[in-house]
Each structure stands twice: as structure tokens, then as C-alpha cells.
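J.: Protein chains in written order, with the working numbering: chain A, 1 to 418; chain L, 1001 to 1418.
Calculated from the structure, these hints are not laboratory results.
Source: prediction; values computed, not measured.
Do not rely on the hints blindly, as some may be mistaken.
[Stated by the list, open to error] Computed cross-link-like contacts, BS3-like style, restricted to lysine-lysine with a CA-CA straight-line distance of at most 30 Å:
1) L:Lys1320 to A:Lys399
2) L:Lys1415 to A:Lys320
3) L:Lys1119 to A:Lys333
4) L:Lys1377 to A:Lys333
5) L:Lys1028 to A:Lys320
6) L:Lys1398 to A:Lys320
7) A:Lys415 to L:Lys1320
8) L:Lys1415 to A:Lys415
9) L:Lys1398 to A:Lys333
10) A:Lys399 to L:Lys1415
11) L:Lys1028 to A:Lys28
12) A:Lys28 to L:Lys1333
13) A:Lys119 to L:Lys1119
14) L:Lys1333 to A:Lys398
15) L:Lys1119 to A:Lys377
16) L:Lys1173 to A:Lys24
17) A:Lys377 to L:Lys1377
18) L:Lys1415 to A:Lys398
19) A:Lys377 to L:Lys1028
20) L:Lys1024 to A:Lys173
21) A:Lys399 to L:Lys1333
22) L:Lys1415 to A:Lys333
23) L:Lys1095 to A:Lys28
24) L:Lys1119 to A:Lys415
25) L:Lys1028 to A:Lys333
26) A:Lys377 to L:Lys1173
27) A:Lys333 to L:Lys1399
28) A:Lys398 to L:Lys1320
29) A:Lys415 to L:Lys1398
30) L:Lys1377 to A:Lys28
31) L:Lys1333 to A:Lys377
32) A:Lys119 to L:Lys1377
33) L:Lys1377 to A:Lys399
34) L:Lys1399 to A:Lys320
35) L:Lys1333 to A:Lys119
36) A:Lys377 to L:Lys1399
37) L:Lys1377 to A:Lys415
38) A:Lys173 to L:Lys1028
Each chain, letter by letter, is given below.
Number of protein chains: 2
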Amino acid sequence: MFADLLREGSWLEASIDTAQPDRKPIPKPDIRRMLVPMGPVVVFAASNFPLAFSTAGGDTASALAGGNPVIVKAHSAHPGTSALVGHAISRAAEKCGMPDGVFSMFHGSGATVGQALIKHASIKAAGFTGSRSAGRLLFDLACQRDEPIPFFAEMGSINPIVILPNAMNERPKEIAGLIAGSITLGGGQFCTNPGLLLIIEKKGYSNFLDELNDAISTIAPSVMLNEKIHKSFETDKHSALNQKGVKIEAVSRHEITGDNLAMPTLASVNAASFFRNSSLSDEIFGPYSLIVKCKNENELEDIVGTLEGQLTATIFAADKENEDYGSIINQLKNRVGRIIFNGVPTGVEVCGSMQHGGPYPASGDVRFTSVGTSSIKRFTRPIAFQDWPDYELPDELKKSNPLNIWRWVDNYLTKENS
Amino acid sequence: MFADLLREGSWLEASIDTAQPDRKPIPKPDIRRMLVPMGPVVVFAASNFPLAFSTAGGDTASALAGGNPVIVKAHSAHPGTSALVGHAISRAAEKCGMPDGVFSMFHGSGATVGQALIKHASIKAAGFTGSRSAGRLLFDLACQRDEPIPFFAEMGSINPIVILPNAMNERPKEIAGLIAGSITLGGGQFCTNPGLLLIIEKKGYSNFLDELNDAISTIAPSVMLNEKIHKSFETDKHSALNQKGVKIEAVSRHEITGDNLAMPTLASVNAASFFRNSSLSDEIFGPYSLIVKCKNENELEDIVGTLEGQLTATIFAADKENEDYGSIINQLKNRVGRIIFNGVPTGVEVCGSMQHGGPYPASGDVRFTSVGTSSIKRFTRPIAFQDWPDYELPDELKKSNPLNIWRWVDNYLTKENS
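With the hints as constraints, model all of the structure from the sequences given.
T.: What follows is the structure, given as C-alpha cells:
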């Protein structure tokens, strides 16, 4: 993905304003701008993605693609995988003749190694995927440096799904199946796992709940990534189930036959109880979701209005039904990076149009994404050359456009000379 | 400028990945992304730009252009100008049928009103132009919020100019005239005012210094914006002139004939003394500049290596002379947002290719600019619509491209349908 992007070149945002030496009252200089690397980037590997968001994951790929050296803080949950992947990167870098130091990796605790890295004066940016507590701690350290640095933290989300009444009434089995599958996909360990389901108690809702409970009950428990994650899931789930007004709707009917297995679990609460207890909005990392039963549209809108920033929100609607819920949908749009229609949030497409990020606490900077080609923008900065000699300009900005990339020339997008 | 940008539409970074329902192993959904407003933006007006960086300045214009309501914290240095301009904006907003609250303004102290604004939960971003101390204080508050917000602070710069030996030897009078004019332009109150001149004591340097001293001596003192700025200038200048090894090279020969007049002043120091005293890199706001005399290329490179982040750096070079100083020029590039060749840093062209920002402390986030059309990017965020009904999509993302804007469709830049 990044290889095509790099060859194609428009991501550099090359922009040229040619000189107007005769302009009155003062001449206009020649100004040419493009994105360049920021400097060494620290990548904090995620516990839940030993491959896609760790040593050679999206943060590393986008930081390297932007031209920056990368220092990975390996996650203690999978040191062996990290080492194997790290060696593969080092060998590849050597084979390609990359400079020494383009990639390195540290093992060790976040409290010592991780914090030392984020505080190091040579580090110019960092990427993180993990818990809100760890993300915020590192974010604060990044901001408190003598020279604060951009720190992109993706800190999880409960990814609300709103199932509108007609959709629920017309397609209960289909929607229940999709949602149950999404809640339990990968043991519920995706950042985009739906932890909150919002419904209105209208015609068909109890049938829909039966279908959803059935679907959850039939799904086998899945092995979680490690003992620590499994233990947290059990603790957090039991704490949630003990909150006032929360009742269990469904638990997998399968038996536990091994270690670190998480039982798919569905709970419910009414809107009034949900309002009174902000802990019910906390992420529970694993195959668990909470249904909030609203009496009417107003209660649903009020619930949506209390939600924190999210990576995603999802609407299930019957034909044109969404038109009657414009205000609720607008409230959702204000709170998310990606909004999905009649689908599920899990399965994050890695493509140019993906947005994986969102208002705090889903991410630490709502202006960027950590998935897709735009993720490179987190780790690059613009530089402008004024009246610079053509032969000394980077190829991307030379008059003849030798790389044949798209550039803005005098506010016109073109591949022509400048 | 922003009007053309908004009509043209490509700044929205509209990007579309069309569905591939038959893709194996899983179907690809339809994903469409664009930039949307972030929410209410606070603009901290600058003391040194009553118009261009205050009530209706670049920050306000770019935040409004991005679709955000703006709340201006007026600067106490020019309350009357702020009020006049604020009324003009309010009348214009009313005339155009903009929603109530699209623009508002507060007067009052930074410590009370300014801090209350940056802490307010409804505020989603802020822009600031001013001193490093005030900028950092507000930056810290923005980061410490429960929901941290992007805070773009432009905090000044000493904008080093390197005059290479052959240039100095071949064109002493011309270069001296340009630099003296830049040091004293607008009473030295531009963010891009050159406060540091770096030279090597090679053939012609003493003649060049004579020319520069002559040029400075003939320039009349200029009225500073207000009493407080003038007083700071005098205090800071005297403190700098009293540092060990610093000597006065030239002071305007004109007489002081009124209030708040600042005398153009040039001082010098050798590289060894400059190294030992970090206070000599502090910005002195006004028509003052410090020449650092280096014995050789190595001393010059070492000086450049100690510089903090800057808005700009400038090189004066004779034909091809720059080729012998590649390492120094690279070090400068790593420290600046804009690099200028045989020109002066003052006169910031407002255009699409401008970069006004730089590594800390020149700005608080090196990835953005506060001048030029790209400044809008500070105050917008991406949102992705997945499998969203076409009729409910913003026009920018509809299949038929009714606004006829440039969009990425399946990784191809086009104005065609999608």
C-alpha cells in the first residue's frame, strides 16, 4: 500500500507558487513546499495486535514511509513475535542498503523503557495503540517535554451501534447475526469491537433481543491473546455486570475447555440506569456488549449526546428510516472518526479513504488516522523553499517535475512543469 | 484567498474507495472520507498584528473557512481596533445569514479570560500568535484538559541568516542593505525578523560589516506598537548588550523625537562567547540583530547545530557557493519551516505554498502552518462514511460529484463520478 503511495508521490502535497518579479507593490518570490520527515519516531507496540499494530505494524510502516527512523518499544505480551519480526525488518533494511539506525527495538517495561524513550530529546514523534490510561500517561509526557512532540495515541472505543426500530423489526435475525459476529470476532479484541448497542423499545424489539441472545449463546468461547488480557476481561465484565440495573441477557452455551477462554456475553440496562452510571461507558476489552434500552427517540438522543469520542458508530436502518433520525445521526457524526451504515465496525479496511481515529479519547489528535495511507501524515512536516536554486531543490519540487507527480502549481493541480 | 480555496474544494481531501462486494476473502465496503469542522475554535489575537493576526486575522479566517465557530480573545494592546473589526465581522455574518454564535469576542486578561476559554469543554481547538512564555502556558493548559485539544501556537523565532563568504565579498553593499531593511522593517516587530546573522571571518567580512553598520546607522527609529512592547525592547536589548563578549556594532544616527521609538541596533559577538551563553539566542522583539563571527566553517556549523526550531532560515550565497556548505544547509533545513535563498525572511507571502511554522519553539506543532491556505488544516478533521446511502452523503462525496471537485477515487485523482 505504502509502496504505491510513495511512487505516486502526491501524498507529499508538493505545492509551488511561481515568482512574479513585476508584481506591485512588491515582487512575489518563488515558493515551493513539500512534506519531509520529522525525525526519529517511537512506536509503542499494541498488546492486541502482535502483527498489525506492533513491530512491523501500521505505525512503523507509516513512519518509515514518511522517511523517519523508527524505534519500536516492543510489547511485553509477545516478546518472541516482536524479536522475530524485528530481525526480519533489520535484515530487510540491510538488504536494501538503508542507513544504520533506520530501525531499532527495545524490550522492557513501559514505565522505564517506554517513558525514557518518549522523554528522549532526539525523538520527534510517537505512535501508540493501547489503553486509555497508558496512552494518556505517555501523551502527557510528550506534551511536558521541553520540546513537546506530536504523540498519536489510539486509546480504544466502545463503538456504539444504533439499531433503528424498523430495521430491528424487519430484519431481526440478519442484524442480530451480524452484530453477534462483530462482538465476538477475534475474541472481541479489536479496537472497533462494538461494546454498546442502542435500541428503542418499539414493535419487534423483544423479538430482536431474542435473536441476538440466541446468536450470542451459540458462539463458542475464544482464546484471548494472553493471560493478563483474559484476567482483565473477567474482572471488568464482572464489575460491569454488578452495576445497578445491569442484567445478563445471554452467555455462550458452550463449555470452557481450556485456558484464557472468554465467554461471549451480552448484558442490558435501561437508559435511566445508564445515565446515572458513567462507568457503563467504559470499554470492556473482550467479547462483551451492553444493550441500552431506550423508551423513545428522546432517550436515545440523550444517550448519544452523552457519549465520548469514538473510533466508529454504526446505524442499522430500514429503507429511508434514517431520515427520521437526522438529529441523532448528526450527534453521532460529531463524536466519531468513521460512521457505518447497515454494517459492522469490525474489519477496518486498509485503504486511502479509511479514518481510524476520532475525538478524544478514541485518539489523542482527531486530525489524523492510524490506518490507511493518510497515517503517514502524522509523521511528516512541511518545509518551504523560497527562491531556492532549481538544481538544489528536491526532485519533487524541481521545475521539470522529473518524478511526474501531481503538484499544485499556482493553485492549479497539474503534472506539468512549473 | 480562502474563498477560492473553498469553491475549488480539493482542500477537503475527499477520498473514495468504492465497494468490491465480490472481493475474496471478504467483501470491500464503500468508504468515503472528507474533512469536516472540529467545533468551536478560540483565537488568541497577537499584540504585534492588530489586523493580520488578530480579530479578523489568519487564524480567524482559517477557522471560519474550515466551518468552525470562532471565539476571539482580543489582545489588550489594541482593544479599540479589535472592537471595530469585531463589529464588522458580526455585521457581515448577519448579512450573510450565518448562524448566531459563528463569531464572538472577549476582552480581558489572558490569565482570566484567556485561560477560562482554553479550559472550556466546548472548545475544540485554538490558535495563538505571541510570546513563548504565554504560548507555552496556554499550550500546557490545552494538553492538560480532560479532553486535550489541538493548540497551534506560533511563538516567535530569531530567523538566522547565514551570509557565506563569497556572497559577502562580492555583494557587500547590496546584501547589507537588504538585511538592514529586514531587521528594521515594521520596527522589527515581524515574527520573521532576522535576529541572528552568522558570518565567517574570511576575505571581505570587515568591509561587509562596515556596509551593514552604515546601513543600520542611516535608518530612522520607528514607533513601536505600544508602550509595553517598547519597554520590553529596551530592557531586552540592554540585557543582551551587557552579556559577556557582546559589543555594539551600530546604532541609528537619528535622534529620538517622540514616544515609543526604537533605535535600530546591531551588536556582535564571537562564536566562542555565543556558545557559552544560551540567552544570546533569545528573541529580542524589535529592530535589533546580533552578528556571530565564526573563525571558520566548523564554528559556523557548530553554531547552526545548537539552534532551536525557527520559522525561517536564510542563506546568502554567491553562484554555486552553497554547494560547499551542504552540511550546514541540511542542518538549517532540519530546524526551520521555510528556508530562503538570497532574500530576506520578512514579507511572508500569503499563498498556497507558504509554510509559517517550524520545529518547537517556533511553533507548537511542526506539522501545520498559520499562514496560507493550508492553515485551514489545523482546524478540520477527517470523517469516513462507510456504505452510507448516496442521498445522505455530503455533496463532496456523492457518486455524481455535483460540486465537480478533485477527489481520490480508488487511489486515482479525478473529477469523474465514483
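J.: Hinted pair, alpha-carbon criterion (30 Å max): Lys1377 (chain L), Lys415 (chain A). Please report holds or violated.
T.: holds (23 Å)
J.: Quick one, are Lys1119 (chain L) and Lys333 (chain A) close enough, alpha carbons at most 30 Å?
T.: Status holds; Cα separation ~23 Å.
J.: Would the pair Lys1024 (chain L) and Lys173 (chain A) pass a check requiring their Cα atoms to be no farther apart than 30 Å?
T.: holds (25 Å)
J.: Taken at face value, is the distance from the CA of Lys377 (chain A) to the CA of Lys1119 (chain L) at most 30 Å?
T.: holds (28 Å)
J.: Can you confirm whether the C-alpha distance between Lys119 (chain A) and Lys1377 (chain L) stays at or below 30 Å?
T.: holds (28 Å)
J.: If you draw a straight line from the CA of Lys1028 (chain L) to the CA of Lys28 (chain A), is it 30 Å or shorter?
T.: violated (47 Å)
J.: Holds or violated: Lys1415 (chain L) and Lys415 (chain A), Cα atoms, limit 30 Å.
T.: holds (15 Å)
J.: Would the hint linking Lys377 (chain A) and Lys1028 (chain L) be met if the CA-CA limit is 30 Å?
T.: holds (24 Å)
J.: Quick one, are Lys1415 (chain L) and Lys320 (chain A) close enough, alpha carbons at most 30 Å?
T.: holds (28 Å)
J.: Take a quick look at whether Lys1415 (chain L) and Lys333 (chain A) sit within 30 Å of each other, Cα to Cα.
T.: The given pair, whose Cα atoms are some 26 Å apart, holds under the 30 Å limit.
J.: Given the hint that Lys28 (chain A) pairs with Lys1333 (chain L), does the C-alpha gap stay at or below 30 Å?
T.: holds (22 Å)
J.: If you draw a straight line from the CA of Lys1333 (chain L) to the CA of Lys377 (chain A), is it 30 Å or shorter?
T.: holds (19 Å)
Against the hints set out earlier in the document, violations occur for numbers 11, 23, 24 and 26.
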